[in-house]
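Participant: Listed in order, the protein sequences are those of chains A and B. Okay, so the first sequence: first residue is 4 according to the working numbering, each after it adds one. Okay, so the second sequence: first residue is 43 according to the working numbering, each after it adds one.
Heads up, a few of these hints could be off.
Claimed, not checked - What the simulated footprint calls covered on chain B by chain A, stretch by stretch (three residues with Cβ under 8 Å from a Cβ of chain A suffice, anywhere in the stretch; the number is not a length): (1) 131–138; (2) 387–396; (3) 451–457; (4) 504–517.
Unchecked claim - Cβ pair distances, simulated, as ranges: (5) B:ALA622 with A:GLY69: 32 to 38 Å; (6) B:VAL290 with A:PRO39: 33 to 39 Å; (7) A:PRO50 with B:LEU591: 44 to 50 Å; (8) A:PRO50 with B:TYR284: 32 to 38 Å; (9) B:SER351 with A:GLY69: 19 to 25 Å; (10) A:PRO13 with B:LYS584: 46 to 52 Å; (11) A:GLY69 with B:PRO352: 18 to 24 Å; (12) B:LEU591 with A:GLY14: 37 to 43 Å; (13) A:GLY52 with B:GLY735: 37 to 43 Å; (14) B:ARG228 with A:ARG18: 22 to 28 Å.
Hints are computed from structural coordinates only; laboratory data are not their basis. We treat Cβ as the ideally placed atom computed from N, Cα and C, and that holds for glycine.
If you want the building blocks of each chain, they are given just below.
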Amino acid sequence: MERFLQDLKPGERARVERIEGGGALRRRMMDMGIVPGVEIEVVRYAPLGGPLQIRLKGYYLAMRRGECAKIMVCVPRQESSLAVV
Amino acid sequence: MKIALMGNPNVGKSTVFNVLTGSNQQVGNWAGKTVERKSGIIHRANEDIELIDLPGTYSLTAYSQEEIVTREYILREKPDVVMAMVDASNIERNLYLVLQILELAPRVVIGLNMMDLAKSAGITIHSNKLALALNVPVVEIVAAKEQGIEEFLTEAIRVGKLKKDPLSDDIPYPEELENRIQAMERLLADTIWATKYPLRWLAIKRLEQDPEIGQTWKSIPHTNQRNKNPDPCCDPGDPVKYELQESVTLPGDALLQAYEAEGWTKDHFEMAVADAKYQYISKILPEFRIHENPVKRTWTDRLDEWILSPFWGYPIMIVILSLVFWFSFVASAPLGGAVSEAMAWAADVIVAIMQWGHMPDVIQSLVRDGIFAGVGAVLAFVPQIAIFFAFFSLMQDSGYLARAAFLGDRFMQLMGLHGKSFFSLVSGFGCNVPGIMATRTLEDPKDRLITMLINPLIPCVPRLGVMSAVVAAFFPGSRGAVIMVSLLLLSMLLVMFSALLLRRVVKQKERSAFVMELPLYHMPTMRNILFPTWQKTYSFLKRAWTFILVASIVVWVLSSYPQGASMNATWAGKMGGWLAFIGQPLGFDWRIMVAIVFGFTAKETTLSTLGILYGVAADASQSIAQAMTGAMTPLGAYTFLVVYMLYIPCLASVVTTYKESRSLGWTSFGVAYNLILSFIIGWLIFHGGQVLGFQ
């Protein structure tokens, strides 16, 4: 099931499918390890519509919703219910 | 031998650098950048080694100023050995940078740090297996406990002395990418220029159409630069400047076009190369890393549950920031007072000596009322600034600062700014000088500039002090609180408005992204807090003292000539009189204008100036404010408060803006903007208030 990263609920995990757009933002995401195939977990949302805290490769990253809307992810069907840790 | 220290941010690089160089280091800026440049000479094995601490970066692309500096250094200066620091608790992403370094620099030694942090997260790294997997020497270090650092250096020196470059394994790329890289390698192999860099790296960068490929840069020799008296701590270093010597056209344009037609654009190559590196890391990872129970909750998880919680996050932040403010700006007051008293005492001693030597009165007055009083007023703030810097380092090193940026980002987004601007702006309430200096954590130079220029609109502690005294005199009781809050809200509104306005004035090609690491919490070492505190305080003093000295003398001359004249007859007094026409539309008399002119050096002097002008004792702020009530209506006082709050905070902040922006143009713009904005808003309030029937 394809979705945008910003549509995930806290605790949900998904695999990156592709990153839309280009330029510095995409390069920055690549540098931080966001490449297709990587598993990302949304940890929490900052209050009042602030940024997202996500976890990948064992570390934490903060990203704005607008930037997360550029990341297309695929949620594995069975795992999505188990992923809440 | 030249050794460069590289690694991701927050990996403990500066600890290693500080331990190795001790006080024997030069801190400055990279030429044309506000990125800190740190280097030091160390003696080992009968040799002088120049160790350079490159800024922390995530990759060698040219995203931020830090990355540009790092890349240019590696490409143009070609260090003999690279000491690559790696965070064991976050090894996957750290190795991504290491792989990039390995493609570019033949001699690399890895320093594996933060093993304790990794262990607490259930991660074990076998360093010998890591060394085998990458074919690069690996040294385990505990930077915080200063363990293994000397061994790390010894290994780097050993590698640096090898007769031949050690062979490291090439990263295996997927076949369709590998074929294209090799095709480009064959084309480039015959070019003379290509012999300067590893062929494979060059081919990849050519495919990514990196602009620097094909350029030869020459460093301008030191002798051209003014660097007469090197200072052991904080002289500006010797910023290496480069100029473009020649640009070679490399072969391969036809090939690039052919690839583009196949869908392999430069973006596609970038992504494919990055992807392949991460794939390779995932492949070799099981050889040296054991991750037990990856879902185990770490300390960071537990702390973040509170610190980043939607409910508790803001209250916790307010408590932390209040504590920092209280310690820095309230509890430190006796220290500042002691500095002032010491200055006054020193002035008395020197004046006494002068009297004994029958020096003219003018000189005595210059020393006492000009130099010592002026410089003393600024020095009194140094303890505050130093304590604030210490807390700043503590928050940055422990990982809290990134969390504050995470929580504050929402508000910054409203102003079109980055989450990291939040801290700079909040710092402004304490003192604008460290607030402006705190913009260094911002990666985007345009974001930095905007944050720097709006910071003076935030009233600092000394200004708030003067404001509350005036408010108490004019608006007694609970009305005072309402007035004070309205002033603060006005300042925030204008900060927001100015940020959005400046966003249009400052041209920005691409909006900077908010993609920020939230590092694991850890206890910073004493050395890592005190060292930068000392360096920042010292460099602030060193940068500012000449300006402050000159300005103090100028103000003294203006305010004491013609000799013996009363305050309104002095040059400064006359200036206030001439400027009265600006004040008139706002209902200000000449006294207010004189106070505003004098307030330029440091705004807390405004009350004492007014005290002299109204003929009351200069040291009792209450009585001065009371004296003002006779001369002004409440509406006039409110207008004065608004103008007072918004115009340039003090000379030190202007100097700091100049030093941090490195642009006279933007500094003058900032000053002019502050002045014009304050008077326009003042005019609007005065006349708007009159229309509404206020007095």
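Participant: Hints first: check each against the structure and report whether it holds.
Facilitator: Now for the hints, and whether the structure bears them out:
Counting residues of the stretch 131–138 of chain B whose C-beta sits closer than 8 Å to any C-beta of chain A gives 5, which meets the bar of three, so the coverage hint holds. Note: the stretch 387–396 of chain B has 0 residues with beta-carbon separation from chain A under 8 Å; the three-residue rule is not met and the coverage is violated. Under the rule that three or more residues need a Cβ within less than 8 Å of chain A, the assignment of the stretch 451–457 of chain B holds, with 3 such residues. With 0 residues having a beta carbon nearer than 8 Å to a beta carbon of chain A, the stretch 504–517 of chain B misses the requirement of three or more and the stated coverage is violated.
The given range of 32 to 38 Å is broken by ALA622 of chain B and GLY69 of chain A, whose C-beta atoms sit roughly 51 Å from each other. Evaluation of the 33 to 39 Å hint for VAL290 of chain B and PRO39 of chain A yields a pass: the beta carbon distance comes to about 35 Å. A C-beta distance of roughly 48 Å is found between PRO50 of chain A and LEU591 of chain B, which places it inside the suggested range of 44 to 50 Å. With their beta carbons about 46 Å apart, PRO50 of chain A and TYR284 of chain B fall outside the hinted range of 32 to 38 Å.
A hinted range of 19 to 25 Å for the beta carbons of SER351 of chain B and GLY69 of chain A is consistent with their spacing of about 23 Å. Checking the proposed 46 to 52 Å range against PRO13 of chain A and LYS584 of chain B shows it holds: the Cβ atoms sit about 48 Å from each other. Evaluation of the 18 to 24 Å hint for GLY69 of chain A and PRO352 of chain B yields a pass: the beta carbon distance comes to about 20 Å. At about 60 Å, the CB distance of LEU591 of chain B to GLY14 of chain A disagrees with the hint of 37 to 43 Å.
Checking the proposed 37 to 43 Å range against GLY52 of chain A and GLY735 of chain B shows it holds: the Cβ atoms sit about 40 Å from each other. Checked against the given bound of 22 to 28 Å, the beta carbons of ARG228 of chain B and ARG18 of chain A, roughly 37 Å apart, lie outside it.
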